[in-house]
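> Single-letter residue listing:
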Amino acid sequence: METISFIARKLCYSVPLMFGVTLISFVLMVYFGPDKTYDLLGKNPTKEEIAEVRHELGYDKPFITRYGDYLSEIVKFDFGHSDSTGERVISIFKKSVPVTVALAIPGFLFGNLIAIFLALLASYNRGKWQDKIIMIGSVVGMSISLLVVIIAFQVLFCSSYGLNMFPVQGWEVNSIWDYMKYVTVPTMSTVFVAVGYNTRFYRAVFVEEMTRDHVRTARAYGCPPLRLLFKSILKNSMIPIITRVIFTLPFIIIGGSILIESYFGIPGVGLVTFDAITSGDQPILKAVVVMTAIMYVVVLTLTDILYKTVDPRISLA
Amino acid sequence: MHFRAIMLTVLTVFIVEPKAFAKKVLKYSEDGAPSNFDPVQSATIYANKITTAVYHTLYEYKYLKVPYELKTNLAEAMPVVSKDGLTYTIKIRKGVKYKDDACFKNGKGREVVAQDFIYSIKRHFDPKNRSQGSWLWKGKILGIDKWKKSGAKYGKKVEGLQALDKYTIQIKLVKPYPQLIYTFAMGFSSVVPEESVKKYGRELSIKPVGSGPFYVASHTSKKTVLERNKNYVGKKFNAKEEGYDPKIHGASGIANLNGKTMPFVDRVEVNWVKELVARWNSFTKGNEIVWTMLQNQQISEVLETKHPVKLKKKFAAKYNFRVGREAGLVYNHFNMDNKKLGYHPNPKIAEKNKALRCAVRKAVNWRKRIDKFYLGIGDAYPGFIPPIVDGFDKTLPNDSVKLDIVGAKKLLKDAGWNAKNLPTIIYPGVSSVRTRQFFEDFRGNMSKIGYPKKKIKFKGYATFGDFNKDVKRRKTMLVPMGWGLDYPDAENTLGLFYGPNASPGSNASNYDNPQYDKLYAAASTMQPGLERTELYKKMNKIIIDDCVTVSSFSRTRVYLWHKNAIMWPQRDIINNIFKYSDIKK
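In the order they appear, the protein sequences are chains Y and A. Going by numbering that gives the first Met the number 0, 210 is the number at position 211 of the first sequence; the sequence numbering is gapless. Going by numbering that gives the first Met the number 0, 245 is the number at position 246 of the second sequence; the sequence numbering is gapless.
It cannot be assumed that every hint is accurate.
[To be verified] Label-pair restraints from in silico Cβ distances: (1) Lys46(Y) with Lys61(A): 46 to 56 angstroms; (2) Lys75(Y) with Lys198(A): 14 to 24 angstroms; (3) Lys180(Y) with Lys61(A): 33 to 43 angstroms; (4) Pro97(Y) with Met77(A): 24 to 34 angstroms; (5) Ile245(Y) with Ser149(A): 57 to 67 angstroms; (6) Lys46(Y) with Ser149(A): 12 to 22 angstroms.
[To be verified] Computed cross-link-like contacts, DSBU-like style, restricted to lysine-lysine with a CA-CA straight-line distance of at most 30 angstroms: (7) Lys273(A) with Lys180(Y); (8) Lys23(A) with Lys42(Y); (9) Lys152(A) with Lys137(A); (10) Lys46(Y) with Lys517(A); (11) Lys171(A) with Lys46(Y); (12) Lys447(A) with Lys367(A); (13) Lys234(A) with Lys259(A).
Treat the hints as calculated values from the structure; they're not laboratory data. Being a predicted model, the structure only gives us computed values, none of them experimental. Every residue, glycine too, gets a C-beta built ideally from N, C-alpha and C.
Chain Y with its partners taken away, still in its complex shape:
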């Protein structure tokens, strides 16, 4: 009951949040975003034709009317058609979001699981050679740009100059085998970079946890290392881990990875969002803003509920 009333409360709080987010983003789009009109003109337009395109795009309406239309679209959850492709915005997201999620999930899982494992190992052996090797590796992973990793992995694993084991680009997934084929190298690239950042973060969390009294007591009682790491340290570090993991989700689902999707020819939402930003495709941008805001509301709520699950002392009241 406490949880349900908490969710209801959160939903109520989210209304002004959504209002603020949409208003600020719409002001930015209208007054500072690219002008789509001049993208859609023919080669030899007249002033009248420019005015016609502006009218069709709704640019000639007062700001208040346009913002009102936007709010009405949010209520109906219908953002119309893309100004670039003419396709329904919702259809675009229906097609691209699942692709991005399928692409990102393995990298997200492995990137976090491997990092947690390495961070535990490093923090347990703090200052020793294991710790130093893991930290050097993390810094290397963090220092190399994702673009360089993508190109290097593509040449190494996908091209005729390297092992030629996987496709360079594409996304024709009809079976689990196809999925493995297309997702492996993008996942490896993501993991290579993500593990560095994640390991450093988790190590800091674990190191702090290790200095706690309960860990020292457990050690004094002769608690075996694995039990100590997983039961005493990992479990008690779940709050920052949950925060980090959950807050990455909206970015994965809506943001995607423009670089991964571009270089591996994957029609995900990252590309859609990037193209919309650079071309000023407002119907898509409006949907992105709303969906991101909704995702964050959901994620915030979920995080609080999970906090309570891992630490019953926390109250949702």
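Dock chain A against chain Y, hints included.
Same frame as chain Y, now just chain A:
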């Protein structure tokens, strides 16, 4: 015995010869991506590749013929043109059907009729459709502008655009427009059934319903899949009529396609790969894309020599290649509306500005620019008529594209320009590494004639739309751009200096010369011939003499394709190439 015979046949067909049933798939690629396949907005070469494969146009270009030559497509014959050049009568082929689609009664594609063409052209003048191609017919087809002004009601007739019967189109013009027939080979003039527009509305952009050789089976931002349209009755490929020349096309294997019915492949997978590295990796892999264009970064790896273009042995063993000059050009206009370097009410300052423009032009090192950015193949030429069209004059003196630092300095000095009074020139462009390199190249050239570096500045724009907005509003000092020919006629490029086309029109230099305009107006209504060519040459000379633009260069492209693909890649005026392409099994 009978049973054994059947089993043997089945085994032979399905096991021994599985390839006989395998679909022929052409895995093609392009270095950009289309956004819209609705003919009214099909403005890019990428979109046109798909539009012309999916829809019928009345005419099309002969596949291999250079200079370009039209042939019939949906039209039964070339148009019958009245003596005054104002009335075109075009018969279309009978029995051509649209692909089967849910927009039609019972889902069966109906016959294409003359009224469909009328409807398709009218769509360009319906403001709701945001047409990018209406400029081709605006002010030219009788009554079309009036039809638009009166509310673009499709039920209302347009005087100059009528279907005389089911298979006859009649077009009446306001004034002679010899280029009209070319416009009917462009993707913009594709024939669209009204039912599809009613059914799909704006989503016609990704769900095209045409009568061409293929239909769109699926489409994403990274890939478009075309499948063979079963309702399409293909013509037999006639190599000779298409302009086949064994000396030029011999190695491609195109001769083997002679007499076969088009299209030759069952499926075309068009991969939109903007990323150079990914594209090259995919191409060289062997089982992915079969076509690519060489970029500057790959030249030393792939080419043995540039003059003439010759591949290194290991690449020559795997790939066919073609060297082709683009049907278009790159240039850098001066905005004549800008008082700092263009027109000025004071004739003395106007003359001084002209000297500045001429000096800037003389300071541009085309050779270095071509080497750095355009594969190092080809030369710049004077004027604004590309080599591919009538009016190009090889004998024109090349002073306007020749590096002449001494001459430039002298011009500046004689006109009274010095480091202190030279105006600050703002070089505009869409922000990218390449644009920045172009700017640095320009600034480097200018510094050689004594132009202070701090007086050459860069203005970056986030998108092409934003850049174009400033160009259309006459706010940029320079207009560094490119122009792809819409049809093979110099009228198309010379129109970029025609006064009435000034910004926001295509005349981005805002050049305004009554003498030039008079010549252009006269030439644009003339049929091809010596007299018209002479007018083109005169106009070209005026542009050169007035130092309106730093131009021109038509980029040479090196196309590579796998030896198992039989094709003759093109990407400019001729877009409809998939039906001619084949893959060896």
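> Of the numbered hints stated earlier in the document, which are not met by this structure?
Hints 1, 4 and 8 contradicted; others consistent.
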